[in-house]
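Chains as they are written, first to last, in the numbering used here: chain C, 13 to 185; chain Z, -13 to 413.
Honestly, I wouldn't trust all of these hints.
Claimed, not checked - Computed, partial: chain C to chain Z, Cβ under 7 Å:
id	residue
1	Thr17
2	Pro165
3	Met166
To be verified - Just the calculated beta-carbon pair ranges, DEER-fashion:
id	chain 1	residue 1	chain 2	residue 2	range
4	Z	Asp76	C	Pro85	36 to 46 Å
5	C	Glu120	Z	Pro317	26 to 36 Å
6	Z	Ala191	C	Gln99	48 to 58 Å
7	Z	Thr272	C	Asp145	42 to 52 Å
8	C	Glu153	Z	Thr272	38 to 48 Å
9	C	Lys179	Z	Met301	52 to 62 Å
10	C	Gln48	Z	Asp185	39 to 49 Å
11	Z	Asn310	C	Lys178	52 to 62 Å
12	Z	Thr84	C	Gly157	19 to 29 Å
Honestly, the hints are just simulated from the structure, not real lab data.
As the structure is a computational prediction, the values presented were derived from the model and not from experiment.
Just so you know, even glycine gets a beta-carbon here, dropped at the ideal spot from N, CA and C.
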Amino acid sequence: MPDATGLELIAQRVRDEVGEDAVSGTTFFRRQATLQVAPGSVRDVLTFLKEADAEPWDFLSSVHGCDYLPEEPRLGVHYQLLSMARQDRLNVKTRVGADEPTLPSVIELFPTANHQEREVYDMFGVVFEGHPDLRRILMPEDYEGYPQRRDFPMGGEPVLFTYNEKKLPNWYG
Amino acid sequence: MADVRGGSYRERERSTTIDVVGDEPIYGTDVPNAADLEPEHELMTVNLGPHHPATHGVLRLLTTLEGETVTDIKPIIGYVHTGIEKSCEDQEYWKAITFVERMDYLAYYFNAMAFCMAVETLLEEEVPKRAQYLRVVHLELNRIASHLFWIATAALDIGAITMLWWGCRDRDLVLDLFEMSGGQRLHTRYFQVGGVFEDVPPGWAAKCREFLAVMPERIDQYEALLDRNEIWVRRNRHTGVVPQEQLLELGVTGPLLRASGHPWDLRKAMPYSSYEDFDFKIPVGTVGDNYDRYRVRLAEMRESLKIVEQALDGMPEGPWITPNRKVALPPRHELATSMEALIHHFKLVTEGFRVPPGEAYAPIESPRGELGCFVVADGSAKPARVHMRDPSFVNLQALAPMGEGGLIADFIASIAMLDPILGGIDR
C-alpha cells in the first residue's frame, strides 16, 4: 500500500492532470489507501492512473458496490487497483445518489470490469454508461429491485409452499 | 448359427466400399455432384448446461457453432445465487464465517481466511504466530484437496475415469485430517477472527505427516497416468491458449495466469499469515495451453506439501487464538471459575463483538486466484457489507477467448482446465 504521503502525492498528480475537482478526498485507514473521486471523472482518473501516471496501476482486481444508507450520496462503487510490478494496491472509490445512479463504464480500459459492473448494476442499480451488455447477471432477468441495497428487505420475498399457495396471488404466472 | 447373407464378415464389409462398386453411381444418376452444391454455412446454437457434468456445476453456456467450430460463447450464470453476501449483513461477524465458507465450496478455508483477515484488519487484531502457522497448514491442505478434486473431475471430462477415483480417494485423506482438527469434513469453520477455533488434537501432526509421506508418490502416479498419455496430451496441448496480456486485461489470476508464464502469486508477492517464513517455489508454464494449466496445478500440489511440512516442523508454541477476550471466546474451563470470563462469553455469544467503522479489502491466494474479501463495518456487531471478489467469477470471462475459434471438444477441455466453482461464481 502507498503510505499516507504517497497517497497524497497520487491525489495531487490526479488533481494536476485530470482536474482540480476530480478528487474529492483521500482516506488512509488501516494502512489501506483510498482515493475518493467525483463520479463523473471515474473513467478519466482510472485512465490517468493506468496509462499516464508515473507509477501506473495496470491491473483492476475488483469492482464492487456498497450502500451507505443513511449517508448521502448513498451508493458507493470501489475499484481495487493493483500494481503487480510494485506489489501495491490502491482503492479508487466514488459515490452516487440512488435517484440517478450513473457512472461511466471502464470496460474499454479494463475488460475485466464487464462481469463486475454487471454485478454492481444487478445488486445496486448503478447504471454504467457505455457498457455494451448491461444486463442482470446473478438475479433473474425479470427481477424487480436491487437486492443488495440496505433498504431492500431481508426475507421480503414470500417462499411458495403448499400451505400458502392460495394466499400468494399469481404465483404461477 | 450360419449367417444367412453368406460370405464372411470381412467380405461383406468390403462389398460396400467404392472399389468394389466401381464407377457405377451408388444412388443412381440423378444425385447432384457434391462439388456443385453450395457450401453450407449454418450456425447452430447449443445450450451447454446448466445441468451437465462437464460444466462443473450449474453453468449455462450459450454456444454458437459452425460445424464443430465454436464461434461465440455467452456464459449465463446465477442459477445457484443464494444471496450469501446479503445474508451476511444480518449475521454477527463470527456467525458470518459460516456463511462465507459456503461460497466457494471446495476452498472453504480460503473464504473464511479472507473474511477473517478483513475483519482482523478492521479490528487491528494481531493473530498469534501459532494460529498463523495452523492457518497455513490448513490452507495448503485445502489447496491440495481442491486441486485433487479439480484433477479428478477435469480428467473425467476428458475421459480418464481412473483419475476420478484416485483424486477422490486421496482427497479423502485430507478430509480426514480436517475432520480430526475441526470436527467437520467440509465447511469446518475452523478459522475464527483472531486465530483458529481450537489447537490441533494430539496425534494430528503425526497423521498429517503420514499424508505428506504418501502424497508425493500419489502425485507421481497421476503423472505416470497422464503426463504422456496420448489422449491427454492431444486433448490438452495447444488448446485454449490465451495470450498473457489478454489474461491480465481480463483480470485472470491464479494457476491460469501462472500457466502463461506470469509468476504472480500473492503468497510470495504480498505475504500474509507468515507465508514469508516458508521456502517454496511458484510453478509457471511456458505456452499457456491446457496442458500447462494441468502441469502448474500438479506442481503447486508438490509445493503445498513442502509448505505444510515446513509449517509442521516450525510450528511455534503458544496460543492459537488471540488472548483479547473482547473478540475471542474465553477457554471453556475459565467459565467455571471466572465471573469476568462468563460475562465475556455471554456478551460474545448473544451480541457478538463490535467492529469500529471503516472498510477493508483483504486479498489472499486461493486455489483459483485472488480471493478478496471486502468488508464495510458501521460500528455495530454486524457487517454493513460483505463482498467476495471470487476468482472463479472473474476468471470465467476468460472462457470465451479460450474457446472461440477452436473445436467444441477442446472447449470442453478448456472448461475443465478453467476450474470454475459455481458456488463461488454465483455466491
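Let me know if the C-beta of Pro165(C) comes in closer than 7 Å to any C-beta of chain Z, holds or violated. violated, 10 Å
Interface hint compliance - Met166(C) to chain Z, C-beta minimum distance less than 7 Å: holds, 5 Å
Looking only at beta-carbon atoms, does the pair Thr84(Z), Gly157(C) fall within the given range of 19 to 29 Å? Holds, at about 27 Å.
Return holds or violated for the Cβ distance of Asp76(Z) and Pro85(C) against the range 36 to 46 Å. violated, 24 Å
At a threshold of 7 Å, is the proposed contact between Thr17(C) and chain Z supported by beta-carbon distances? violated, 20 Å
Determine whether the Cβ-Cβ distance between Gln48(C) and Asp185(Z) falls within the hinted range of 39 to 49 Å. At 43 Å between Cβs, range holds.
CB of Glu153(C) to CB of Thr272(Z), is that within 38 to 48 Å? holds, 42 Å
If you check the beta carbons of Lys179(C) and Met301(Z), does the distance land in 52 to 62 Å? Once the Cβ atoms are compared, 59 Å apart, the range 52 to 62 Å for Met301(Z) and Lys179(C) holds.
Distance restraint evaluation - Asn310(Z), Lys178(C), Cβ atoms, bounds 52 to 62 Å: holds, 54 Å
Lying within 48 to 58 Å: is that true of the beta-carbon distance Ala191(Z) to Gln99(C)? Hint violated: Cβ distance 33 Å, outside 48 to 58 Å.
Measuring from beta carbon to beta carbon, are Glu120(C) and Pro317(Z) in 26 to 36 Å? Violated - the Cβ-Cβ distance for Glu120(C) and Pro317(Z), about 56 Å, lies outside 26 to 36 Å.
Given the hint of 42 to 52 Å, check if Thr272(Z) and Asp145(C) actually sit that far apart at their C-beta atoms. Violated: the Cβ-Cβ distance is about 34 Å, outside 42 to 52 Å.
The structure fails to meet hints 1, 2, 4, 5, 6 and 7 from the earlier list, while all remaining hints are met.
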